[in-house]
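Peer 1: Same order as they appear, the protein sequences are chains A and B.
Residues 140 to 615 (the working numbering) are what the first sequence spells out, left to right.
Residues -7 to 125 (the working numbering) are what the second sequence spells out, left to right.
By construction, these hints were calculated from the structure, which means they are not laboratory data.
All residues carry an ideal CB built from backbone N, CA and C; glycine is no exception.
Don't take each hint at face value.
Chain A is nowhere near these chain B residues, computed Cβ spacing over 10 Å in every case [what the hints assert, rightly or not]: (1) Ile5; (2) Tyr8; (3) Arg47; (4) Ala69; (5) Ala70; (6) Ser73; (7) Leu76; (8) Asp80.
If you want the ones that stay clear, here's a sample from chain B, every Cβ over 10 Å from chain A, calculated [unchecked claim]: (9) Glu14; (10) Asn37; (11) Arg66; (12) Leu87; (13) Thr90; (14) Ala117; (15) Ser123.
Between beta-carbon pairs, the in silico distance windows are [said to hold, decoys possible]: (16) A/Lys251 x B/Leu68: 21 to 27 Å; (17) A/Ala346 x B/Ile5: 45 to 51 Å; (18) B/Asp2 x A/Lys251: 28 to 34 Å; (19) B/Ile5 x A/Thr564: 55 to 61 Å; (20) B/Leu68 x A/Leu395: 52 to 58 Å; (21) A/Leu321 x B/Asn89: 18 to 24 Å; (22) B/Asp2 x A/Pro400: 47 to 53 Å; (23) A/Pro152 x B/Asn89: 51 to 57 Å; (24) B/Ala26 x A/Lys251: 39 to 45 Å; (25) B/Phe7 x A/Arg232: 28 to 34 Å; (26) A/Ala346 x B/Leu87: 55 to 61 Å.
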Amino acid sequence: MYRVALPLLGFLPVWRDAARRLASHEIPPHQVAWDRNAGHELFASKHPPETEGPTQVTAPSGFLTLSKTVLCHNDSAAPALLYTALHRHQTDRRALSNPADALSHRIERLSKAVRRDIHKMHAFVRFRELPRNGHRRRFGAWFEPEHHVLEAGTPFFAKRFADMDWTIATPVGVARFEDGNLSYLAPAPPPDLPTDASEALWGTYFANIFNPARIHLQAMRSEMPLKYWKNLPETQLIPEMLKNAESRVKSMRAALPSEPPARASRILKRNQASETEMSPTNLAEAKAQAAACRRCDLCEAASQTVWGSGDSASGLMIVGEQPGDAEDLCGQPFVGPAGQLLHSEMDEAEIGAAWLTNAVKHFKYRQRGKRRIHQAPNRQEIVHCRWWLDYERRFLVPRLTVALGASAAFALTGDDSPMEIRRGTIETARDGGPVLITWHPSYILRLPSKASADAREQLRDDLVRARTILGNQSVS
Amino acid sequence: MREHRLYQADWLIRFYGFEVDELAGAAAGNLDLAVDPKLAWALANREQFPVDVNRAGRELLLRVPGFGTRTVNRILAARRSGTLRYGDLLRIGALMNTAKPFVTMLDWSPGVLTDSDNLRARFAAPPEQLSLF
């Protein structure tokens, strides 16, 4: 019987040397006792051989890393299991890589438990600040891991807290990091650590991120196992939080707002109105129904439907693209900058009163900061809104319609070819009336000054032409 | 649940060598909501089972319910070292409660279990009495 004593710290090189020498002498595992707490000897034993034996010992790649974790396990059988695996590997090269093998399976489970313990050590070591005696801050911690993971777990802290001095004391040894050097010392009784001011802050934070409505005791216990609780400051708060959780959920429920927000009634009213939509029989009815229109998505963002206005008996209908920011707020068409330009051109052309309206009745925009930037309506929106434009035309029966811009021209004629060649021509509307096509005033506002003046002149010419056509019609 | 079944079917097509027709054909174009798509396929194609774990190829092992890709890789690795038994599969991490009726090996044979009428009932959730009021 051979006996190998393993120290509490630095056990890997001791085990490795002993295992290599024993295996090279082909000593079977049952003749070796691995002793962690060097003490009682039940059987007469001898020390392992001092020199290497005749056999060349090999180990699979990764075996040393595996031994490093498995040896940390507090199961006293762990060193013997590893030696059994090494001994078997000398005759059966496939044994260790066989996932169905009972021994490899057991070693893998030990390794997993140790890796978990190292992970929990990284999570649950709680440092307290100590008075400094140099330029570096000093911290101390007391931690009780389940396995012998002090050596395997501390390099993480050395990397993470490289600019501080710290000490982690455990029942099996003390890790000390000073001026960038990590050293391991013999076990000492738990140090008397001073209270830390930030611990109260941490406790407050911990209590406040606790959600009483989402309690999952099993998950809580597996994330923060009870065995670590006694050295964690925040765990003292947990029983109280769990006890109050039910009453807190009740009070949260009671404090829920029971009244719907103010906008809900307006939205409900609008939705109900749109459900009772029927064919309107006159212009006022059409206007009332259009106010609750939900035929496309534009109504969601726009303030209100901008219905046409002006002289309904004049026989002239001027159709723009869609309301802008100013029109959306006041509910009248052509009151913004483009509308002002149109009104001044209408005065110049001495056209008098007309019915002003838009191809699309809701404002479409993109929010940029506080400003609402106009966006052209797409084909679908124009087609949806044509429903109202058709009713408007049916009730007004205009003798001439002026289409301002491409959107209006498309809505009226169903033709979306380019404006350059169409401007100034008279086309036939989908319902048969004449449509004079011209520029939109906001297009004129966007052009550079020279081209803008030309386009403005063309708009004025077209309006004069419209007046002439209307005049001829009324004479004849 | 439907979304989960779709994800499962997606996985089967990507990593397990299933075809769309096989999965959709099992229940007239719809995925079974009570059992997962692989199990549903195995229940509908019982003539292919039980599979001999020690002889079957990767494609066939991947079709056994309860065996994932990782289990199959481990089975193939372990077969190089010797014959597999029931306890070996448990250690490997196979879900033997699911796989039991569909595999055979030295110390396990499903017998009539593979073709039994109530096999589906073993896996599907038991029917629930709804409240009458």
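Peer 1: Now tell me if each hint is right for this structure.
Peer 2: Hints and how they fare:
no., hint, verdict
1, Ile5, "27 Å, holds"
2, Tyr8, "20 Å, holds"
3, Arg47, "16 Å, holds"
4, Ala69, "6 Å, violated"
5, Ala70, "4 Å, violated"
6, Ser73, "4 Å, violated"
7, Leu76, "6 Å, violated"
8, Asp80, "4 Å, violated"
9, Glu14, "29 Å, holds"
10, Asn37, "27 Å, holds"
11, Arg66, "4 Å, violated"
12, Leu87, "15 Å, holds"
13, Thr90, "19 Å, holds"
14, Ala117, "22 Å, holds"
15, Ser123, "24 Å, holds"
16, A/Lys251 x B/Leu68: 21 to 27 Å, "23 Å, holds"
17, A/Ala346 x B/Ile5: 45 to 51 Å, "48 Å, holds"
18, B/Asp2 x A/Lys251: 28 to 34 Å, "30 Å, holds"
19, B/Ile5 x A/Thr564: 55 to 61 Å, "59 Å, holds"
20, B/Leu68 x A/Leu395: 52 to 58 Å, "57 Å, holds"
21, A/Leu321 x B/Asn89: 18 to 24 Å, "48 Å, violated"
22, B/Asp2 x A/Pro400: 47 to 53 Å, "41 Å, violated"
23, A/Pro152 x B/Asn89: 51 to 57 Å, "45 Å, violated"
24, B/Ala26 x A/Lys251: 39 to 45 Å, "34 Å, violated"
25, B/Phe7 x A/Arg232: 28 to 34 Å, "30 Å, holds"
26, A/Ala346 x B/Leu87: 55 to 61 Å, "41 Å, violated"
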